[in-house]
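S.K.: The task is simple: from the sequences and hints, build the whole structure.
Chain residues, written in single-letter form:
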Amino acid sequence: MVKQLSVFLENKPGTLNKALLMLKNNDVNIVAISLADTSEFGLARLIVDDLEKGRSAIREGGYTSTLADVIAVRLAQRVGYLQEILDKLSAAGINVEYMYTASTGPDGADLIMKTSDPAKAEEVLAEAKAEVLKQDDLRKLGGDN
Amino acid sequence: MLVTAESDKTGFFMYWNETKECMSRDQIEELQSKRLVKQINRIYHNVEYYRKKMQEAGLEPSDIRGIEDLDKLPFTTYEDIAKAYPFGLSAVPLSEAVRVHASSGTTGKPKIAIYTRKDIDIWSECVARCFSMAGITKNDIIQVGYGYGLFTGGLGAHYGAENLGALVIPMSTGNTKKLIDMMIDCGTTAIACTPSYLLHVAEALEAEGLVDKIKLKYAICGAEPWTDNMRKQIEERLHIKAVDIYGLTEIMGPGVAADCEHHKGLHIWEDHFIPEIIDPDTLEQLPAGQTGELVITTITKEGMPLIRYRTRDLTSIEIGKCDCGRTMARIQRFKGRSDDMLVIRGVNVFPSQVEQALLEIDGTTPNYMINVDRVDNNDTFEVQIEVEERFFSDEIRKLEELRSKVENSIHQMTGIKAKVRLVEPNALPHSDGKTKHVNDARKLV
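Residue numbers (the numbering used here), protein chains in the order written: chain A, 84 to 228; chain B, 92 to 536.
Keep in mind the hints are simulated off the structure, nothing from the lab.
It should be emphasised that the depicted structure is a prediction, and the values quoted were computed from it without experimental measurement.
Heads up, a few of these hints could be off.
Among chain A residues calculated to face chain B with C-beta under 8 Å, some are [as the list claims (entries may be wrong)]:
no., residue
1, Q87
2, S89
3, L92
4, E93
5, A119
6, T121
7, E123
8, T147
9, S148
10, T149
11, A151
12, E180
For every residue, glycine included, the Cβ atom is placed at its ideal position computed from N, Cα and C.
M.R.: In structure tokens:
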């Protein structure tokens, strides 16, 4: 299980830019990012290499943020693999709230997903022999820096 | 009873009760004094709340010998009405009362007013005078487009129009298409509604090319502040005459005062209400012509008489005969409020109500801003809330749920719908002292 940093943003020019600048100035690397929006506001969902530093940088910038338990899972690069995993989750009665990709390459993809029951989802995925990443693994996803 | 003034050649200028509407100043003051003395005796003996207040001020009924002693009496405020909720200010046994109306209070509880049969009759008389002054007669067909219910607008206008003998169509609010259909089909000649709603109706008529199909001649608009420019727009676009009507639930409802075709101020029916203007800070009486807070004493009301009730409306009063022949004092253009009450779409809204609704989020109030504006003649009502970590979520669905929950509780608390907008922290002004929570961009004064 990993922690995701979610930041509230108004839907207007410059707000995301300013938030990202806070991370940059504090030397926090973004491993994955996803933006969700409505007509009036948006959410930046971030996986960062240093959670504590990332959150205090965001707070310093005056933003509202929250931490959420999400699952980072490595997917094999083959047809149907994601569907098979979701099959297992739905059979266990677990709902996927949202998901986004952290990185993709020829060897596979890293996927971030928010589920209705993160602990149970992790068990189900481990049983299915999927590779679930831990907080420490995230630095590697971000590459060397 | 219907008397027509000499100057009437057009069906305008109608007096409903010339004996009263055109009394000399001496006669007005004599009648007011007589009725005030009687009223003070009644409330002293029938309303514990007033008796205590008078005793605290060292007053006995015999100290009030006429209107010259009015300024000895303590004021009544809406806090007094709230404290006395629901029937603490009643001067009659409830078996003598026949109706209740209410308007929103500063917090959860409404301000209640109760009426005896005689109160309803006097109200109908006052409204009939106003409608008659607007040009309406028993030959007219009038659509009442105010809400019927606890709000005084619908039933107040209805009873007045019936008293006048006009044919009343009780439309209430909310269905413009039906209102227009009936306006054309029934040949409606007069309408009572808020001015912004009438402009909305005008737009709908213009959009459908139906302005030539209506027979409308008169409009009596009230329940919200409006400008001369709005009146001109209404008159020119619909080819009608429009007048302003004023009232407040605590005092009676619409019909406390109204303007005539000369638009020199709202004639207040001084045989039932004594108006005063006071300095809201020193509470001293101000002479005619000076601007201050309007204070009204009801001298004939039985159900819930109010003595020196502070309306919080800022205005001035002109004494002297009007070109229409009426001698009743004229309340001038309203210049705002001495409190923070807002009138949005004809409904009284207090910022404290919004604050109370925001408490529903999780027991504490986030920083917020109420934005009111008028766009295309409709009031907009938006509440911005700074999103704090304690109620923030990484799921859009939960944030949308929060937003609609707050919208619902504001609707329940104020009676009207607000648009809630979530904003970033520090997006709204913060200050060390009293934070400004209202931004009213309407240009109405």
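S.K.: Work down the list of hints and note, for each, if the structure agrees.
M.R.: Do the hints match the structure? See the list:
no. : hint : verdict
1   : Q87  : 7 Å, holds
2   : S89  : 4 Å, holds
3   : L92  : 7 Å, holds
4   : E93  : 5 Å, holds
5   : A119 : 5 Å, holds
6   : T121 : 6 Å, holds
7   : E123 : 6 Å, holds
8   : T147 : 5 Å, holds
9   : S148 : 7 Å, holds
10  : T149 : 5 Å, holds
11  : A151 : 4 Å, holds
12  : E180 : 6 Å, holds
Violated hints for the displayed structure: none, as all numbered hints are satisfied.
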